[in-house]
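S.K.: Put chain C on the given structure of chain V with help from the hints.
Chain residues, written in single-letter form:
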Amino acid sequence: MNARPRHLLDFDDYTPERLGAILDNADVMRAVLDRPVKKVPALQGLTVCTAFFENSTRTRTSFELAARRMSADVLSFAAGSSSVSKGESLRDTIETLTAYKVDAFIVRHHASGAAHLVAKYSGKPVINAGDGRRAHPTQALLDAYTIRRELGSLEGKNVTIIGDVRHSRVARSNAQLLPMLGANVTLCGPATLLPRDLAHLPGVKLTTNAQDAVTGADAVMALRLQGERMNGGYLGSLQEYIREYQVNDALLARASDDAIVLHPGPMNRDVEISSAAADGPRSRILQQVENGQAIRMSVLYHLLVGRA
Amino acid sequence: MNPKATILNADEMRRALTRIAHEILERNRGAQDLALVGIHTRGIPLAARLAAKLHELEGVDVPQGRLDITLYRDDLSEIARQPIIRETQVPFDLNQRRVILVDDVLYTGRTIRAALDALIDLGRPAGIQLAVLVDRGHRELPIRADYVGKNLPTSQGEVVKVKLHETDGSDSVELWNLEDVQ
Numbered sequence: 001m002n003a004r005p006r007h008l009l010d011f012d013d014y015t016p017e018r019l020g021a022i023l024d025n026a027d028v029m030r031a032v033l034d035r036p037v038k039k040v041p042a043l044q045g046l047t048v049c050t051a052f053f054e055n056s057t058r059t060r061t062s063f064e065l066a067a068r069r070m071s072a073d074v075l076s077f078a079a080g081s082s083s084v085s086k087g088e089s090l091r092d093t094i095e096t097l098t099a100y101k102v103d104a105f106i107v108r109h110h111a112s113g114a115a116h117l118v119a120k121y122s123g124k125p126v127i128n129a130g131d132g133r134r135a136h137p138t139q140a141l142l143d144a145y146t147i148r149r150e151l152g153s154l155e156g157k158n159v160t161i162i163g164d165v166r167h168s169r170v171a172r173s174n175a176q177l178l179p180m181l182g183a184n185v186t187l188c189g190p191a192t193l194l195p196r197d198l199a200h201l202p203g204v205k206l207t208t209n210a211q212d213a214v215t216g217a218d219a220v221m222a223l224r225l226q227g228e229r230m231n232g233g234y235l236g237s238l239q240e241y242i243r244e245y246q247v248n249d250a251l252l253a254r255a256s257d258d259a260i261v262l263h264p265g266p267m268n269r270d271v272e273i274s275s276a277a278a279d280g281p282r283s284r285i286l287q288q289v290e291n292g293q294a295i296r297m298s299v300l301y302h303l304l305v306g307r308a
Numbered sequence: 001m002n003p004k005a006t007i008l009n010a011d012e013m014r015r016a017l018t019r020i021a022h023e024i025l026e027r028n029r030g031a032q033d034l035a036l037v038g039i040h041t042r043g044i045p046l047a048a049r050l051a052a053k054l055h056e057l058e059g060v061d062v063p064q065g066r067l068d069i070t071l072y073r074d075d076l077s078e079i080a081r082q083p084i085i086r087e088t089q090v091p092f093d094l095n096q097r098r099v100i101l102v103d104d105v106l107y108t109g110r111t112i113r114a115a116l117d118a119l120i121d122l123g124r125p126a127g128i129q130l131a132v133l134v135d136r137g138h139r140e141l142p143i144r145a146d147y148v149g150k151n152l153p154t155s156q157g158e159v160v161k162v163k164l165h166e167t168d169g170s171d172s173v174e175l176w177n178l179e180d181v182q
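Residue numbers (the UniProt record's numbering), protein chains in the order written: chain V, 1 to 308; chain C, 1 to 182.
Just chain V, with the same shape it has in the complex (with noise of 0.2 Å):
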């Protein structure tokens, strides 16, 4: 295996062996959560601070658990409370927050690139909670380990994920991680929300014709349609997408028996996913959740461990 990387911001220097080493480990740290102690040592004495410049209760909830499971102490940086607000650079925060003797920082921007800045101004290892459009590493990172998880294996396996995928950055770090892992991706969507330029990544393919993405799909994930993409020019409207692309019982007829439903959150019920399919059998929503923390904790120890 080939050195570890020092951040985790997107997958450029990740093997498919390091990224299996984490899937790996996740499952021990899901036995870890079982446990009636749900804490192991392993990050004692390391301080990770959480810097959050755009909101987001759930995934900073789970980095924070994560690091707490792990006996890290955890700084929480929320830019709304803070100088941010009053106009002070990315820059000024991260070296404040550096001087704190922050031993790694986890970065949710608005900006694509902003976790690679604070990579550049920390010095310390960073891990990126989800920047502008471009990435979000541990949000594919955790729907790889449930596919594999309810799955058994990545390989071969068809994944179709609906939506808006010009503007997510889970859907672009899905595309570039699961062909990684052996996997087939399916991007769907209204031709103004699905970028061309994605076609080029191996083992991508693009369409908007949402009735054959899923045909024969062994894992359907619905992407999230925010609020402004409704009534911001793209979509003829809100009635026509949801007849096309909504992720639904009808539509998931047309999957694999063993067909798994996922989604990143939070919800739009009965908008990009049916009530029925976000609640029903097939569904893996939560378990998306659960397996979030355990992914977390095996990234942060193949990130600090030995390191900060």
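These are calculated hints, taken from the structure and not from any lab test.
From the three backbone atoms N, C-alpha and C, an ideal C-beta is built for every residue, glycine too.
Keep in mind that the hints are not guaranteed to be accurate.
Derived list of chain C stretches under chain V, where covered just means 3 residues or more per stretch with a C-beta under 8 Å from a C-beta of chain V [unchecked claim]:
id, region
1, 86-99
2, 120-130
For the chain V half of the interface with chain C, some residues (derived, Cβ under 8 Å), not all of them [claimed, not checked]:
id, residue
3, D24
4, N25
5, V28
6, A31
7, V37
8, V40
9, P41
10, P179
11, G182
M.R.: Coordinates of chain C only, in the frame set by chain V:
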């Protein structure tokens, strides 16, 4: 390259484990409420062998578990590349049981300290005892074994290699010079 010495051959290893099994039964007045927990990697087959001997001697099936201590180590800063963490599996209630931790070599005591922490996070055993195939000395912590297959005074420039049929294809304990195995 050959070892400096073969400390135990297959027969001697078998006899040492048989003696440990007898000592366990004598000290605990039988095998009731006992459990064997092997430490990854070679502690696991050694625990299985002790369980088989206890069954042979007493007709009791002693429950077995496996413990990975990677997340509990205190020398993680020395790890350049993290190992894959193996599964910890203790499929029985630890409470009220006397647990016998099993490992191949007792050296600094740091592995056993980590194992004690890992075990106590899983429950509250009535007691914990330690069985090792080889005690090579050089303790850095106040830890001692209750059952020892072979006491082997060594220098820190030497390496003790335990080979087991289950993991290495044959049974032996060998002493090597450190420079010969690096």
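S.K.: Now tell me, hint by hint, if it's right for this structure.
M.R.: Here is what the structure says about each hint:
no.	hint	in the structure
1	86-99	holds (count 3)
2	120-130	holds (count 3)
3	D24	holds, 6 Å
4	N25	holds, 5 Å
5	V28	holds, 4 Å
6	A31	holds, 7 Å
7	V37	holds, 4 Å
8	V40	holds, 4 Å
9	P41	holds, 6 Å
10	P179	violated, 23 Å
11	G182	violated, 19 Å
In this structure, the hints that do not hold are numbers 10, 11, in rising order.
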